[in-house]
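Chains A and B, in that order, give the protein sequences. Per my numbering, the first sequence starts with residue 1, numbered consecutively. Per my numbering, the second sequence starts with residue 1001, numbered consecutively.
None of these hints come from the bench; they were simulated from the model. Backbone N, C-alpha and C define an ideal beta-carbon position, used for all residues, glycine too. Watch out, some of these pointers could steer you wrong.
Calculated lysine-lysine pairs in the BS3-like style (CA-CA distance at most 30 Å, straight line) [what the hints assert, rightly or not]:
no. : chain 1 : residue 1 : chain 2 : residue 2
1   : B       : Lys1247   : A       : Lys131
2   : A       : Lys127    : A       : Lys138
3   : B       : Lys1366   : A       : Lys138
4   : B       : Lys1247   : A       : Lys127
5   : B       : Lys1247   : A       : Lys132
6   : A       : Lys152    : A       : Lys127
Here are a few chain A residues that face chain B, going by a calculated C-beta distance under 10 Å [claimed, not checked]:
no. : residue
7   : Gly45
8   : Ser48
9   : Gly49
10  : Leu83
11  : Leu85
12  : Glu87
13  : Asp88
14  : Ala101
15  : Tyr102
16  : Gly103
17  : Glu173
18  : Ala279
Chain by chain, the residues:
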Amino acid sequence: MIEVEGLCKRYGEIVAVDQVSFSAPSGTIFGLLGPNGAGKSTTIGCISGLVSPGSGRVRVLGHDVVHDGRAARAALGIVPQELALYEDLSARENLEYWGAAYGLASRERRQRTGEVLEIVGLLDRAKDPVKKLSGGMKRRLNFACGIVHRPKVLLLDEPTVGVDPQSRVRLLELVREQARAGVCVLYTTHYMEEAESLCDVLGVIDHGRIIALGTLSELRGLLGERDLLRLTGSFDRERTVQALRAAEGLAGVEIVQCEERELTLSLKEASRRLPALFAALAAAGAEVRETTLTQPSLESLFIKLTGKELRE
Amino acid sequence: MSARFLWDSAQKDVRRRLRDPLALLLWIGIPVVIGGLIFLVSDGGGSSQPKARVWIADHDETFLSRLLTSAFGQEQAARFFEIETLEESEGRARLERGEGSALLVIPAGFSRALLEEEPCELVLVTNPAQHILPGMVEETVSVLVDGAFYAQRILGEEARARLRAFAAGPPEGAPVFPDQEIAAFSVLVNRTVERLERTLFPPVIQLETATKEERETGLDFGLLFFPSMLFMALFFVAQGLSDDLWKERAQGTLRRLVCAPQSIATFLAGKFLCAALVVAPVCLMGLALGVLGFDFAPARAPLALLWGTLTGTALAALMTLIQLYATSQRAGQLLTNLVLFPAIMIGGSFFPFEAMPAWMAQIGRKTPNGWALEELKAILSGRAGAAELALAFAALGAALFLLSLLCVHRLLRRFARG
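Hey, can you work out the whole structure from these sequences and the hints?
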């Protein structure tokens, strides 16, 4: 498991990571979600030993990454955001070398290389130089290099950036397999849908601080379970606002936006309250042509917590 | 340090090098091309001896003038002279064209003048474009004329009478001299030599010849230029190998390695072991050329190979260290060039120290590569003693170790984490 307590890292005046604390047990996928520059990669760097922590403590399987770095690193597998492969070596040669870098003996290395190539679906391309593989294949090989030594903890730093949808699905499935095998996975991403579908526990990070931490349902609860309802058509602004405020059964409805052609509302249990809503709008002379209902999501949570969209 | 991972790292880098065979061939080709050029420039090897081409115009055409001519072709002199008898006008024309070293004109009446001890002038026309070879011809002619004068004095009046008869040519009607006359002259010469032996041997003055120990054994054209060229090749190979850490950084493998439990020192040692495995064939090729083309003693080649390989590896470490202090791969290339070219120029790898002004050679020999080059020359010429060699190898090993430590320090502190 990974334990991070009060982790801080500064680069001069810039605070990259500020009092970050979380723990991720074995067999779970812990997602670290945040926009670019939020501090995700620095946090991963501190855990992997690539970056020296300014203060705080990081332990991997109980080994302090600063004082017992070698043991901590031996337990870790890394899948960096950028490819980290020898382009002029074959897929098998890459895996064998990274196996050696993690201390696998020759025979075990050969056996494990074959297994991992099969897992990532590259057995038939084992002898090809990496430079001849497609982008998706390289991503899978990059992942394979991170798991070739059977790590107990796997760090994945935005592994699906720039990956085609088919390879992304395959990669995410590989990550789930690792978690099912008891590996503690720390997964950073700025893709909401990826985090929602993959992670058991999520930490939302922004400006180097964890601003929300919990399971997906716990985080959704932070939104107060308000749905977002978007209606298009033709609306008289004044009459519509009056009708919505006066209508029975529509208490607590928040008008986010009201324009001539679009109306956006935030409300609890929107689907149950749709008939009352349509009746009020009809009474106000509004004509509704299209309705879109969005349930609470990480995207809306992030907007609520930071006041900005995740991809900004 | 894990020996297993060290070997795995070196093997990985060797494989990567082998995937780029053109670069490898170019590196191995550097000493081959340079060595080949030196071989051609040095007229086929360092052991070849220059010969003076001497044209002889013999207007006397007597027994004694032919004796003088043939003296140039005797065993010892034949090593230095190539003789051709021709017409004087032809000889002068050839000299005009810059051919040959000298023209010796033996005037008519040479034999008579020699035997009668009358004045006689031998004309020696030398080629002004040459300096040493015409001088050798002049000295030799002078010695031969002196020798002929004293010989006829020692042989006495009877022999001189017979020589006069020989100089006059065979008796009328006979194509050659009668056998009894030649036999009589031979007996006369033999008796004279026997008589002289009683006077000369044992010699009253004993001359003891002590040969000064030759310090510059085999210091010839090949030894002058070839080690320099080999070192130049080693410099280029070392520079070519040194930017590999930039490539590792660019492809992300360096960062991945920092996160692995194996030490970065082992990884770097693997790189230097790979450098040694690349440098060794380059040295081997160069030394093979040296043995075949410049008569280097094959027995000294293994030690020279070891020295060249160790030096090449140390140069690769030095270049790597310079690269690690650069801000970009391009800056690294520039920085290594800034070090490489002055080091080659002043360190005797471009112009041999022997061709430099004394003050510059003195500085050059004190540069690290200049010192290493001098050691290589000492190994190839066989003048390096065991103690000196042991000290030199220890110093070079220590330098390589120190450079490696500095590289690891720089790599871990900044470069690998950048």
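Check each numbered hint from earlier against the structure, then list the numbers of those it violates in ascending order.
Of the numbered hints, 3, 17 and 18 do not hold.
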